[in-house]
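Enquirer: Next come the chains, spelled out residue by residue.
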Amino acid sequence: MAIYDTRRRRNHLAIGLAYAATAFGLTWLVLILAVLLWKGFSGLNLAVFTEMTPPPGSAGGLLNPIIGSLVMTFIAVLIGTPLGILAGTYMAEYGRYDKLTMVVRFINDILLSAPSIVIGLFIYEVMVAQMGHFSGWAGSVALAVIVVPVVVRTTEDMLSLLPDTMREAAASIGLPRSLMIQKVAYRAARAGMITGVLLAVARISGETAPLLFTALNNQFWSTNMNAPVSSLPVVIFQFALSPYEDWQQLAWTGALLITMAVLALSIGARILSSRGKTS
Amino acid sequence: MQASQQVERARILRRLRHGDTAFRMITRAAAIIVLLILSGIIISLIHGSWPALSTFGFSFVYTESWNPVTEKFGAIAPIYGTVVTSVIAMLIAVPIGLFIALFLTELCPMWLRRPIGIAIELLAGIPSIIYGIWGLFVFAPFLQATVQPFLITVFGPIPGLSTLFAGPPYGIGILTAGLILAVMVLPFITSITRDVFEAVPPVLKEAAYGVGSTTWEVVRYVVLPYARVGVIGGVMLALGRALGETMAVTFVIGNAHRISGSIMAPGTTISATIANEFTEADGVLYTSSLVALGLILFVITFFVLAAARFMLMRLNARIGA
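Here the protein sequences line up with chains A and B, keeping their order.
Residues in the first sequence are numbered from 1 upward in steps of one, following our numbering.
Residues in the second sequence are numbered from 1 upward in steps of one, following our numbering.
Treat the hints with caution; some may be incorrect.
Unchecked claim - With a straight-line Cα cutoff of 25 Å, these simulated SDA-like cross-link-like pairs (lysine to any residue) come out:
id, chain 1, residue 1, chain 2, residue 2
1, A, Lys39, B, Gly40
2, A, Lys183, A, Pro82
3, A, Lys99, B, Gly40
4, B, Lys205, A, Leu161
5, A, Lys183, A, Asn217
Said to hold, decoys possible - Okay, the calculated bits of chain A under chain B, using three or more residues with CB under 8 Å as the criterion:
id, stretch
6, 53–62
7, 89–103
As the list claims (entries may be wrong) - Just a few of them, taken from the derived set where beta-carbon distance is under 10 Å, the chain A residues facing chain B:
id, residue
8, Ser113
9, Phe122
10, Met131
11, His133
Simulated from the structure, these hints should not be mistaken for lab results.
Idealized CB from N, CA, C, for every residue including glycine.
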């Protein structure tokens with residue numbers, strides 16, 4: 001009987017720990033979001049979206065970093081998405097069992113989790129150091145380097161899921177392979193591929209490290225992509241570590257904006273991909 | 001009429017064939033560009049760190065001094081901080097992640113599985129800078145006021161552990177950074193272990209339940225051995241994240257270039273050093289030493305991530321077979 005008791009006790013202990021661990025994990029999510037809402041909302045007003053970042057000790061808004069982030073994200077997606085989709089297409093459609101595909105898949109997986117600060121250093125070396133100054137372009141390219149592996153991965157996965165009969169049907173009516181890919185495969189895998197792009201946007205909209213020494217920061221309104229450009233994450237970094245109350249408040253508000261954007265994007269991606277599965 | 005139609009037909013076919021070749025070549029080029037990005041990263045880091053590496057030689061890796069004035073740089077303090085914070089993070093996050101995966105695959109009612117799984121994955125989507133600002137303003141003061149004094153009074157009198165938990169409670173420091181990292185990598189570990197747990201054939205589990213095993217015994221003696229390679233792969237993947245994590249750590253590590261016996265003292269990591277000092281670094285040697293730090297970080301994470309992918313690939317091959 002003793003053995004049964006020990007086993008039962010051990011089982012209860014493990015189950016108890018499992019419940020506790022889950023509660024622990026969820027508590028963090030709630031705690032972080034609650035503090036973020038609490039601190040961020042109190043500073044949320046129209047000025048945040050209409051005024052520039054202030055000098056120390058006065059009130060202001062986050063207009064220039066918001067615009068800077070949006071523009072750099074947009075350009076990064078514009079550069080990274082086609083490249084990622086084309087590379088993923090090669091891996092899934094042309095060279096599924098190639099040596100090249102095996103190598104690219106492995107390298108891509110490493111790029112997917114490579115430290116983003118190293119990507120910042122890379123772009124600093126190849127763009128900032130060569131051009132002699134920090135620029136919005138360099139920031140966009142650094143973000144694009146992060147977009148590429150995400151899009152490659154989802155494109156390859158989504159295209160690999162398509163049934164081969166679909167490709168054969170297209171081939172049987174005489175469609176060349178490139179047209180089959182563009183007119184049939186892309187259309188069938190569209191939801192999944194858009195999900196990949198959304199996830200990539202979510203990923204880069206909070207990235208700080210690669211922007212620190214590529215786009216740098218800019219206190220003033222600037223649409224010149226060839227000069228330093230302000231971005232939300234970098235402004236949050238700078239303002240949060242400052243001793244000024246106004247700046248810290250703006251940092252919290254900016255943090256709230258980014259988190260909401262990222263959560264909306266990832267939930268959107270999830271809805272899209274689950275709808276793609278059922279249809 | 002007949003002839004011109006044939007000519008037309010041949011023209012269209014040729015155009016399609018050219019289009020086909022062109023598209024194939026473009027996609028192939030894109031795939032090769034992905035390879036070029038990685039080699040570009042490696043080459044540019046070696047190029048950028050060359051002045052430092054040729055000046056200091058291999059001693060760069062094990063020297064502690066970091067002095068911009070005398071231009072003496074060594075990497076061991078940041079390397080130490082990077083490794084210790086990641087180890088703390090893994091010690092906490094791995095067991096918790098495993099137990100959450102156990103809950104999600106064995107205990108959780110079906111209707112609750114998706115929402116909880118999504119919530120855990122949302123935790124993974126929160127940008128690291130949010131963890132940083134939260135850690136600095138909320139978590140560090142909390143640790144300073146409650147947990148750290150407690151640790152000091154409990155472990156202070158015990159020889160051996162007293163140095164590890166010595167010193168005034170700063171709030172920020174190695175321990176705080178490790179704890180924040182633990183929260184950050186928890187979702188990665190959870191979602192990967194959940195996936196590999198789910199890949200265990202139900203027949204195996206049912207057989208174990210059938211002979212009267214408890215839930216814990218099924219997980220411990222059937223699920224875990226079967227999923228071992230995948231779990232280790234997931235843990236290594238999370239370790240890769242923890243090693244390279246920048247912003248969350250930069251906020252709470254304290255940025256002190258020294259190796260301290262106490263895990264409550266401020267320290268620094270490779271990524272935090274680069275983030276804090278790169279834009280202000282003047283002089284070729286200073287900048288180049290920071291790039292050299294980046295190179296070391298990249299090499300370490302490269303091997304950790306490569307090992308992780310290799311293990312996950314082996315698992316996939318087995319499941320596929």
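Enquirer: Check the hint pairing lysine 205 of chain B with leucine 161 of chain A against an upper bound of 25 Å on the C-alpha distance.
Expert: 28 Å, violated
Enquirer: Can the restraint linking lysine 183 of chain A and asparagine 217 of chain A be considered satisfied, given a maximum Cα separation of 25 Å?
Expert: 43 Å, violated
Enquirer: Do at least three Cβ atoms from the stretch 53–62 of chain A come closer than 8 Å to Cβ atoms of chain B?
Expert: violated (count 0)
Enquirer: Was the hint right that phenylalanine 122 of chain A lines chain B, CB cutoff 10 Å?
Expert: Holds, because the Cβ-Cβ distance from phenylalanine 122 of chain A to chain B comes to roughly 5 Å (cut-off 10 Å).
Enquirer: How about the stretch 89–103 of chain A: do at least three of its residues have a C-beta closer than 8 Å to a C-beta of chain B?
Expert: With 9 residues closer than 8 Å to chain B, the stretch 89–103 of chain A meets the three-residue bar; holds.
Enquirer: For the pair we were handed, lysine 99 of chain A and glycine 40 of chain B, check the Cα-Cα distance against 25 Å.
Expert: 21 Å, holds
Enquirer: Classify the hint on histidine 133 of chain A as holds or violated, based on whether any CB of chain B lies nearer than 10 Å to its CB.
Expert: Violated, because the Cβ-Cβ distance from histidine 133 of chain A to chain B comes to roughly 12 Å (cut-off 10 Å).
Enquirer: Measuring from the C-beta of serine 113 of chain A to each C-beta in chain B, is the shortest one below 10 Å?
Expert: Status holds, d = 5 Å.
Enquirer: Given the hint that lysine 39 of chain A pairs with glycine 40 of chain B, test it: the Cα-Cα distance must not exceed 25 Å.
Expert: Roughly 42 Å between the alpha carbons, so the hint for lysine 39 of chain A and glycine 40 of chain B is violated.
Enquirer: For lysine 183 of chain A and proline 82 of chain A, compute the direct alpha-carbon distance and say whether it is at most 25 Å.
Expert: Measuring from Cα to Cα gives roughly 16 Å; hence the hint holds.
Enquirer: Just to be careful: measuring from the Cβ of methionine 131 of chain A to every Cβ in chain B, is the smallest value less than 10 Å?
Expert: 14 Å, violated
Consistency note: the structure conflicts with the earlier hints numbered 1, 4, 5, 6, 10 and 11.
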